Amino acid sequence: MAIEVRIPTILRSYTNGEKAVTGSGKTLADLLADLDARHPGLRERIVDEKGLRRFVNVYVNDEDVRFLAGLDTPVKDGDTVTVLPAVAGG
Amino acid sequence: MLTLDRSIYEAIIAHARRDHPDEACGVVAGPVGSDRPTRFIPMVNAARSPTFYEFDSADLLRLYREMDERGEEPVIIYHSHTATEAYPSRTDISYASEPNAHYVLVSTRDPDTVEFRSFRIVDGEVTEEEVRVVATLDDVERSATT
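Chains A and B are the protein sequences, given in the same order.
According to my numbering, the first sequence is numbered sequentially starting from 1.
According to my numbering, the second sequence is numbered sequentially starting from 91.
Because the hints were derived from the structure by calculation, they are not lab data.
Small disclaimer: the values here were computed from a predicted structure and weren't measured.
For glycine and all other residues, C-beta sits at the position ideal for the given N, C-alpha and C.
Hints are not guaranteed to be accurate.
Far from chain B, some chain A residues (derived; all Cβ distances over 10 angstroms) [stated by the list, open to error]: (1) ASN16; (2) LYS26; (3) ALA29; (4) PRO74; (5) ALA86.
From chain A, some residues computed to sit far from chain B (all C-beta separations above 10 angstroms) [said to hold, decoys possible]: (6) ILE10; (7) ILE46; (8) PRO85.
Label pairs and their computed distance ranges (CB to CB) [to be verified]: (9) THR93(B) to ALA2(A): 41 to 51 angstroms; (10) THR174(B) to PHE55(A): 13 to 23 angstroms; (11) ASP213(B) to GLU18(A): 41 to 51 angstroms; (12) VAL134(B) to THR15(A): 46 to 56 angstroms; (13) GLU18(A) to GLU220(B): 17 to 27 angstroms; (14) THR15(A) to GLY161(B): 39 to 49 angstroms; (15) LYS50(A) to GLU159(B): 14 to 24 angstroms; (16) PRO201(B) to GLY41(A): 42 to 52 angstroms; (17) ALA173(B) to ASN61(A): 32 to 42 angstroms; (18) THR80(A) to VAL134(B): 16 to 26 angstroms; (19) GLY51(A) to ARG96(B): 41 to 51 angstroms; (20) ARG38(A) to VAL223(B): 44 to 54 angstroms; (21) GLY161(B) to SER24(A): 47 to 57 angstroms; (22) ALA33(A) to GLU220(B): 24 to 34 angstroms.
Using the sequences and the hints given, assemble the complete structure.
Structure representation (structure tokens):
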């Protein structure tokens with residue numbers, strides 16, 4: 001078992017067009033580091049030096065990690081992580 | 091070019107008028123790869139602001155899951171400007187993240203004038219496109235094949 005990570009259209013250039021990839025880790029930060037080893041550049045589109053980018057939403061199962069523990073949110077095998085860019089503007 | 095049903099065109103304008111003076115926003119989904127906007131989905135502007143819009147994060151997840159299950163994608167992503175022209179703002183351009191979508195802008199600055207324009211926004215580049223409003227998409231396709 002692993003953690004499934006669902007990738008939005010705009011980031012699929014990092015995953016050879018795959019809609020979902022798998023990874024492992026104990027926290028979201030670990031998981032993103034693990035993914036970045038196989039999909040270089042992906043992590044940087046999701047986090048910056050201050051943490052999660054403001055207009056990218058990351059969910060563990062059904063919960064936005066902003067309402068959990070952000071990058072420290074624990075993850076485990078069988079979880080689904082979904083990355084979705086915010087739909088926003090002015 | 092964006093081709094859409096008159097009923098959807100009118101529903102987008104009605105939503106923008108209804109939410110004025112706040113910005114209105116939503117999606118018209120359609121089968122993946124079809125470029126057919128068929129399912130009108132008005133969204134709540136979580137920012138409830140006259141100068142900003144953002145889909146609520148839980149709504150956004152539900153929307154994308156549902157589209158995924160139905161084999162759909164956002165064919166149109168629309169929002170309104172309430173005091174300025176129907177042209178993407180700098181913020182709109184920097185957050186645009188669906189290179190395949192038609193970004194529709196409606197301005198509600200004048201209650202008597204309809205401003206409805208459509209754009210592609212790819213890698214920060216804005217390209218306006220023609221908008222064709224038809225009675226129903228099915229009619230257009232039938233006449234194209236006969």
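CB of ALA173(B) to CB of ASN61(A), is that within 32 to 42 angstroms? holds (40 angstroms)
Mind checking the hinted window 39 to 49 angstroms against the Cβ distance between THR15(A) and GLY161(B)? violated (20 angstroms)
Given the hint of 17 to 27 angstroms, check if GLU18(A) and GLU220(B) actually sit that far apart at their C-beta atoms. violated (34 angstroms)
Could you check the hint for me, namely that THR93(B) and ALA2(A) are 41 to 51 angstroms apart, CB to CB? Holds, since THR93(B) and ALA2(A) (Cβ atoms, about 42 angstroms apart) stay within the stated range.
Starting from the hint 13 to 23 angstroms, judge whether the C-beta atoms of THR174(B) and PHE55(A) obey it. For PHE55(A) against THR174(B), whose Cβ atoms are near 21 angstroms apart, the range 13 to 23 angstroms holds.
With d taken as the least Cβ-Cβ distance between PRO74(A) and chain B, does d exceed 10 angstroms? Consistent with the label, PRO74(A) stays out of reach of chain B, its closest Cβ about 19 angstroms off (over 10 angstroms).
Is the nearest CB of chain B more than 10 angstroms from the CB of ALA86(A)? At roughly 6 angstroms from the nearest Cβ of chain B, ALA86(A) sits no farther out than 10 angstroms, so the non-interface label is violated.
Kindly confirm whether 47 to 57 angstroms is satisfied by the beta carbon distance between GLY161(B) and SER24(A). violated (30 angstroms)
Evaluate the condition: distance from the CB of ASN16(A) to the nearest CB of chain B exceeds 10 angstroms. holds (17 angstroms)
Verify that the Cβ of ILE10(A) lies farther than 10 angstroms from every Cβ atom of chain B, and report whether the claim holds or is violated. violated (5 angstroms)
Within 41 to 51 angstroms or not, the Cβ separation of ASP213(B) and GLU18(A)? Since the Cβ atoms of ASP213(B) and GLU18(A) sit about 21 angstroms apart, the hinted range of 41 to 51 angstroms is violated.
Against chain B, does ALA29(A) hold up as non-interface, every C-beta pair farther apart than 10 angstroms? The claim holds: ALA29(A) sits with its nearest Cβ about 20 angstroms from chain B, beyond 10 angstroms.
Going through the hint list in order, the structure does not satisfy hints 5, 6, 8, 11, 12, 13, 14, 15, 21, 22.
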